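Number of protein chains: 4
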Amino acid sequence: MIKAGIVGGTGYTGVELLRLLAQHPEVVITAITSRKEAGMKVAEMFPSLRGRVDLAFTTPDEAPLKSCDVVFFATPNGVAMQQTRELLDAGVKVIDLAADFRITDIAEWSKWYGMEHACPDLVAEAVYGLPEINRDKVKGARLIANPGCYPTAVQLGFLPLVEAGVIDTSWMVADCKSGVSGAGRKAEIGALYAEAGDSFKAYAVPGHRHQPEIRQGLARMAGHDVGLTFVPHLLPLIRGIHATLYAKLTKDVDLQALFEQRYAGEYFVDVLPANGHPETRSVRASNLCRIAVHRPQGGDTVVVLSVIDNLVKGASGQAVQNMNILFGLAENMGLTQIPVSP
Amino acid sequence: MIKAGIVGGTGYTGVELLRLLAQHPEVVITAITSRKEAGMKVAEMFPSLRGRVDLAFTTPDEAPLKSCDVVFFATPNGVAMQQTRELLDAGVKVIDLAADFRITDIAEWSKWYGMEHACPDLVAEAVYGLPEINRDKVKGARLIANPGCYPTAVQLGFLPLVEAGVIDTSWMVADCKSGVSGAGRKAEIGALYAEAGDSFKAYAVPGHRHQPEIRQGLARMAGHDVGLTFVPHLLPLIRGIHATLYAKLTKDVDLQALFEQRYAGEYFVDVLPANGHPETRSVRASNLCRIAVHRPQGGDTVVVLSVIDNLVKGASGQAVQNMNILFGLAENMGLTQIPVSP
Amino acid sequence: MIKAGIVGGTGYTGVELLRLLAQHPEVVITAITSRKEAGMKVAEMFPSLRGRVDLAFTTPDEAPLKSCDVVFFATPNGVAMQQTRELLDAGVKVIDLAADFRITDIAEWSKWYGMEHACPDLVAEAVYGLPEINRDKVKGARLIANPGCYPTAVQLGFLPLVEAGVIDTSWMVADCKSGVSGAGRKAEIGALYAEAGDSFKAYAVPGHRHQPEIRQGLARMAGHDVGLTFVPHLLPLIRGIHATLYAKLTKDVDLQALFEQRYAGEYFVDVLPANGHPETRSVRASNLCRIAVHRPQGGDTVVVLSVIDNLVKGASGQAVQNMNILFGLAENMGLTQIPVSP
Amino acid sequence: MIKAGIVGGTGYTGVELLRLLAQHPEVVITAITSRKEAGMKVAEMFPSLRGRVDLAFTTPDEAPLKSCDVVFFATPNGVAMQQTRELLDAGVKVIDLAADFRITDIAEWSKWYGMEHACPDLVAEAVYGLPEINRDKVKGARLIANPGCYPTAVQLGFLPLVEAGVIDTSWMVADCKSGVSGAGRKAEIGALYAEAGDSFKAYAVPGHRHQPEIRQGLARMAGHDVGLTFVPHLLPLIRGIHATLYAKLTKDVDLQALFEQRYAGEYFVDVLPANGHPETRSVRASNLCRIAVHRPQGGDTVVVLSVIDNLVKGASGQAVQNMNILFGLAENMGLTQIPVSP
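Protein chains in written order, with my numbering: chain A, 676 to 1017; chain B, 676 to 1017; chain C, 676 to 1017; chain D, 676 to 1017.
If you're looking for bench data, these hints aren't it; they were derived computationally from the structure.
As the structure is a computational prediction, the values presented were derived from the model and not from experiment.
You may find that some hints are simply not true.
Treat identical chains as interchangeable: a pair holds within one or across any two.
[Unchecked claim] Think about it this way: if two alpha-carbon atoms lie no more than 25 angstroms apart in a straight line, the pair counts; the simulated SDA-like pairs of lysine to any residue are:
#1 Lys923 <-> Arg970
#2 Lys716 <-> Ala939
#3 Lys716 <-> Thr1011
#4 Lys716 <-> Gly865
#5 Lys923 <-> Ser845
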């Protein structure tokens, strides 16, 4: 059994990790930390876990993290980078669900995240954990930078097009919509039901931290820098991301075949039949990404629709997928739940 | 492996049965029927099942129902009673998720359901499939009347009180609230998002079909007739029932202990600690019923709060639980999913 | 024109007061205070008011409250009682939307609100501003205790029954459901979309501050103390309260006629035809209360359904209604908006 | 007083017209027709109108439409074109809220709407009723083609850019999101709460009828044909459209000033301060369009965010605005309601 620890388990990615790991046949959760809630039973905070997770939160100091096989950081940005080296030195694999190790350009990272980086060398070592692109690198890694939620949906949507070189990568648009759980379990006015409910808006149009992460990913696929406009929106629902992607085609190509071939062997990526429209609920509570590709009225524009559950494939599920790869387990172990719909 | 057939799989209880059975380690689904959609792939209608359920709907005539070990009826009321005898004669166990076999008093049934009953003798034989009350009878049954959604939540909530004889059973109130999926997957104005969303109302206050079913169940527990006012309401959410139950205490009793003892061995009934308030989301997509019991300000009124997922413990999950009992499997096999929250 | 001031205008009752007063033909808003947001334009916080309300928040000290004709307190409990005497002394009418002056029994008030009362004599003077009961007293008042949201819906629902003496007032049940805006515009985890959305729960079953307020009101109608169980629930919607009321009939009476006669002259109370089921959306954004009365299956139980918009008839609209009465205006002036539905 | 008739008043645009016209100081509604519901009181179908609209539905034949001053068609596509000539001949002004007169190219119209046009000459005469562009033509018209909901939000968003000639009009993107009421009050599975709730999807990506309408409008502004990709999505909310518009800038220009100047005199168009993000709720139940313009990170992409209430500025409110212009009334008469928020 793999001994897993969770640092910072009081947020939505934390409870989702608990849901997935508690049902994983090869994992035993040995520690979950929260400085603020130390002593409280996890199931007291998250009643959905009553009878299934008997742990209590402990302080990071008391938690047996160094004797874990893997530690997940479900913490705010800037925490994992303080504690990762010590864990790696103790032989623990680290999977960071926050952004500390996602962006290779340290200056760029500092600009967007507003702090100095504590360990640039570990950024260089970390593997960007999007298995559909980086599976082989994940296998041998010590430290995984688990991708952001928007970046997962957008990169998987653009991937076949960019790899095949069939679009103009200098001017791409990613119009993305996320459920409210993406904002985390923080007491903020803007995330109140009476504020975010029955309404819809864009946010962070001048600039959002996931834009450089996505651009970096697309540039790696393309082999050169790309131009990307990324606009996130807040949906009045809890779980789900829908990315609507636009690009100009530069080559005539069978788009449907291109996508189906690229993702033929991927358990977690489902290419819908031609003219499909994936719904976020069709992946709810699962680690799937469903994708449809369109060429409206046969013109020169390609439109890709990509949906994930932001808490699963966009966070905790992908983290477990990465863990499975790290430890040589079946990649979908503990992640085969059928989506909950309706 | 148990060969399972589903008659009428195009509704919400149908797709939920598919979700649960497709993940059940001892079941293979061999037939699913829909006269109207014959020929269509199930996963075309329910994209959440893509890659997991490869069946197509067939007409009832073509379906190999008689070679099944068990057949679930997820049909409108009045269908199962037409086909059950033939299946029983062929040695098939039958679980009816509709109301055809729930009410023993045939005249009462006809009054509420507006039709003649096709097989009163089978009503007499059928076992009311609320395992927490009827487990032993379910074991040896051929035909299970799967309880209604409201009746499940209400009966489990009142059960310890009525069995212990500590309330006035002549005047009980069940104020119940259900998510919209309880209305089924039917194209009706009242169930449109723009009608049922962002609003709340009671319905069927003059009389609802679940009232006689609940009253029958409570009367059996009590050993005599009871007085029950039942008011259902429509919640602007998809899954979930919350029953708020009121009765007058006739004996001084430790309510918390009474409930904990009654449900001590029940995997699917979770009694919250004193002063708890169960949320419907804490059982979402699971077969659990969570219950809290209160005595506000120490007065003579007992208030019970009981929540279930109407599609799982209130329908398809309970049907699978009954199937497990019928076939001697662990009662919770295939039903151990942790609730999805948030 | 009536010069109106608002103390504490950053919450939902504050913005709703602004919406109503800005459209009122006889009112000019001359001051709105917020210690925390002083200097900020009101329309910056509430973009729905852009172009219609040009005021900025000021500190209470700078605000010309004493030169107002009327001051509304849309503040947390315990604020109005500190400032009311000074305003009354200056000849200003005061309408408190919080609970400072609602409960006559000072000890009871202190028990539920957890503080000493600053001015018990003013509690004695204050008029409980439920116009359908207290219209005449409101006319001559200086200080109005604007009723709570639940108390408004429940009292209007029970009123005809209690006044007519046709129910057993020793054991009444009020099962109430409120939209999330009732919790106010406060950054609290429990009111987040990802917590309160797609879910439903009861809260405060052991005791809620509105219970003594309702009981006091019912007792005044009855002329003696009453027994009331009050259970509030949180609805996944923004505006709306639905009260479902239960009592035992002690006299045979034409309930429909009783309700229609009692509310015959009331502009803001609409008795639905027999067997009706009012929806919360049918009063959305209006000052109406719609009521239906039932006697299920002709038994001895009366069920009343009463709906209001908690921010309008349950708070700010009723405050404006009281203001209209105080100043001799038509009672419905500025309050004739047709509900917004769907 | 203007005598107004409504043909086909049983849908959401119908009830919204009733809400607005019943509060309009210069209008009396003299007829509302519905073949199917003839005889039923309007307020029975729409309880929000109880006490305010006393009319009953009548058949079109019985309705005194020819003695109206103006008739609104709130009918499915293809109805108005059958009845308009007769009304115009009788001197009645006609405002069609459907699409019969919106597209000048008859062949194009037939292709998208799947029927022959009954009166191409009237299409030529009809004025496209987007007052912010066509106010002068509306003034003298007999027949108004009231714009579609998406076309209103998109055209108002692109208008300043296209008129000023500062974007590449050969490749524009309109990523649009609409609340469910846009689908109308029709009993269809896809619009059920349990289908459309808690989920999000694109639809009609291969082609949507509003695309040619928008393209026609943009082409008129530009003076030449344009390239437009239009992708509509379904939001889990009732009212509201959010259009997110993308184009490539071809000239360096002060975008904020451009928008503010273009809409300086427009009562119903509100340009937010720089870096704003309009929410759909900020226009709920009002005739406003709120717009923000962005140039992310100073690049060559302009992003416009445009929100309306699809039932008001996107349908019935705009129809009333057109009526006001037709009859020489203040353009905002009866349309000054402050948005309902939260």
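Outcome of the hint check:
1. Lys923 <-> Arg970: both (10 angstroms within a copy, 20 angstroms between copies)
2. Lys716 <-> Ala939: Between copies only: 21 angstroms across, 43 angstroms inside.
3. Lys716 <-> Thr1011: between (28 angstroms within a copy, 21 angstroms between copies)
4. Lys716 <-> Gly865: Between copies only: 18 angstroms across chains, 29 angstroms inside a chain, cut-off 25 angstroms.
5. Lys923 <-> Ser845: both (9 angstroms within a copy, 12 angstroms between copies)
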